[in-house]
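Asker: Sequence:
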Amino acid sequence: MTAKPLLPLEVTTQASNALAWLRTNVAASAQLTGDTRRLARGDVFFAYVLGNERLATDGRPYIQQAIAAGAGAIVYEADGFDWPFGDTVPHLAVSNLHQLAGPIAAGWHGNPVRGLAVTGITGTNGKTSCSQWLARVLQAAGTPCATVGTLGTGFPGALQATGFTTPDAVQLQASLAGLHDAGARAVAMEVSSHGLEQERVAGTHFSVTVLTNLTQDHLDYHGSMAEYEAAKQRLFQWDGLRTAVVNRDDGMGQRLLAANAAAIAAPHVIEYGIDGPGAATVRRPRGEWLRATNVRATPNGTAFHIDGSFGSAEMATPMIGAFNVSNLLAVLGAALANGVAWDAALAALRALTPVEGRMELFGANGGDAALAPLAVVDYAHTPDALEQTLAALRPVAQARHGRLWCVFGCGGDRDPIKRPLMGAVAERLADDVILTSDNPRGEDPQEILDAIADGMADRARGRQIEDRAAAILYAIRHAAPADVVLVAGKGHEATQEIQGRKRPFSDREHVRLALATRGVSA
Numbered sequence: 001m002t003a004k005p006l007l008p009l010e011v012t013t014q015a016s017n018a019l020a021w022l023r024t025n026v027a028a029s030a031q032l033t034g035d036t037r038r039l040a041r042g043d044v045f046f047a048y049v050l051g052n053e054r055l056a057t058d059g060r061p062y063i064q065q066a067i068a069a070g071a072g073a074i075v076y077e078a079d080g081f082d083w084p085f086g087d088t089v090p091h092l093a094v095s096n097l098h099q100l101a102g103p104i105a106a107g108w109h110g111n112p113v114r115g116l117a118v119t120g121i122t123g124t125n126g127k128t129s130c131s132q133w134l135a136r137v138l139q140a141a142g143t144p145c146a147t148v149g150t151l152g153t154g155f156p157g158a159l160q161a162t163g164f165t166t167p168d169a170v171q172l173q174a175s176l177a178g179l180h181d182a183g184a185r186a187v188a189m190e191v192s193s194h195g196l197e198q199e200r201v202a203g204t205h206f207s208v209t210v211l212t213n214l215t216q217d218h219l220d221y222h223g224s225m226a227e228y229e230a231a232k233q234r235l236f237q238w239d240g241l242r243t244a245v246v247n248r249d250d251g252m253g254q255r256l257l258a259a260n261a262a263a264i265a266a267p268h269v270i271e272y273g274i275d276g277p278g279a280a281t282v283r284r285p286r287g288e289w290l291r292a293t294n295v296r297a298t299p300n301g302t303a304f305h306i307d308g309s310f311g312s313a314e315m316a317t318p319m320i321g322a323f324n325v326s327n328l329l330a331v332l333g334a335a336l337a338n339g340v341a342w343d344a345a346l347a348a349l350r351a352l353t354p355v356e357g358r359m360e361l362f363g364a365n366g367g368d369a370a371l372a373p374l375a376v377v378d379y380a381h382t383p384d385a386l387e388q389t390l391a392a393l394r395p396v397a398q399a400r401h402g403r404l405w406c407v408f409g410c411g412g413d414r415d416p417i418k419r420p421l422m423g424a425v426a427e428r429l430a431d432d433v434i435l436t437s438d439n440p441r442g443e444d445p446q447e448i449l450d451a452i453a454d455g456m457a458d459r460a461r462g463r464q465i466e467d468r469a470a471a472i473l474y475a476i477r478h479a480a481p482a483d484v485v486l487v488a489g490k491g492h493e494a495t496q497e498i499q500g501r502k503r504p505f506s507d508r509e510h511v512r513l514a515l516a517t518r519g520v521s522a
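Residue numbering for the sequence shown follows the numbering used here, beginning at 1 and increasing consecutively.
No lab work stands behind these hints, which were simulated from the structure alone.
We put the beta carbon where it would ideally sit given N, CA and C, even for glycine.
Keep in mind that a hint or two might mislead.
FRET-style restraints, in silico, Cβ to Cβ [said to hold, decoys possible]: (1) 391 - 260: 28 to 36 Å; (2) 12 - 444: 44 to 52 Å; (3) 178 - 513: 34 to 42 Å; (4) 494 - 225: 30 to 38 Å; (5) 60 - 513: 42 to 50 Å; (6) 311 - 37: 44 to 52 Å; (7) 399 - 37: 43 to 51 Å; (8) 347 - 399: 23 to 31 Å; (9) 509 - 444: 23 to 31 Å; (10) 494 - 466: 18 to 26 Å; (11) 316 - 178: 35 to 43 Å; (12) 509 - 311: 38 to 46 Å; (13) 305 - 139: 21 to 29 Å; (14) 67 - 417: 40 to 48 Å.
Hey, can you work out the whole structure from these sequences and the hints?
Answerer: Given below as structure tokens:
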């Protein structure tokens, strides 16, 4: 992609022209798609180029396949491509198609965001929990709210998987239109750094944005933490943004707040954070703020005090860990920014439960606690997330007078730099470490395990069991009833990808099966 990025007025003009061309050449019932597997006869295939010089995907090699499938029209990236298919199908060459696809699709679907209050949530960790919880809080307050994110698209409890945190531009606009037609009036959307850099959310209006945190991930794509942060920062410079909710305990959050209007386009900012041991040095907030103090573990989860410019209250939640307190503050800030009253927001927050595959507990209920360990399934797949998760579970293990186990691996064909870092974290914070396959994809699983072990001072501390099902079974069968076993990395995922093939695999189900061998129904 070498074409010069378009200016806002150019985007509006060229998207309008392309939209007029589509309305002339295809039926109004045609769907737009960038995936030939979703293409039905008469639909429009968008062949765009996404990515950067490090990692890129090009849809143009699939044009012939789309034509064979009966595409009604082809819209393709013009840069560096000469159309070789004659007049077999109506076709439109567009420069910077990745930048225009969202606005074109939004116009095709009647600009669905005009009827939706969209909150965009970005950050390395916490996006899924925050989006799911915000949807539940808004629903409780009377606003039908759907979600778009890692778990899928739809209303809470009725999600359709997309395979992406942030779907591609044309799929996203179709999803937003469908959600609006289904009755949604708000959307809590996870916005990934890939989604921002690749313009997947172009054509979407965000009224509220949230920053959870920024820690190492995706450096195989972005190249550096500075570029990773720059991609995330785009969300806070969105045209028309009304309120930004920013974590002031996070380095990126502190930089956003320090830069103020230069970095945040919103006229209103709500900053949130945790005070206490280990908290970042806090400057006096200039605007609206939320703060958690006296954070403490309880037998049923976590308790803390909330105060700030909106009021103060005591809070108890079944969620475990300071990072979940931070996530809850983010959700509270976003709910308030969406017009939910303080008392109503707090009541809804107290009713929240863990999101599927996010610090999800299995076993150790009632009499079962004497039979088997407490098992925890979490999506932690970065060094920071694994560190926070293990740190949160250490007091739980101590209260049970047991050991803390960690079963994890690292994904293949993804940022390799984090592998030894995660090995070091597990060695430092867990008593027993089992290294296993995550989604090895096209890589040799053993090479990934060896890279993780390279970060451990004592490689023998990391028992290697490549087969993930066997690793989970080993940990739960060998752990004492007082122990805590964390199975990290895949969370909600229902498949494992090996050499291009996705086979059914669920950490949650394998944990249940392993606990059943010890007489526990989880």
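Asker: Please write out, lowest number first, the hints stated earlier that are contradicted by the structure.
Answerer: none
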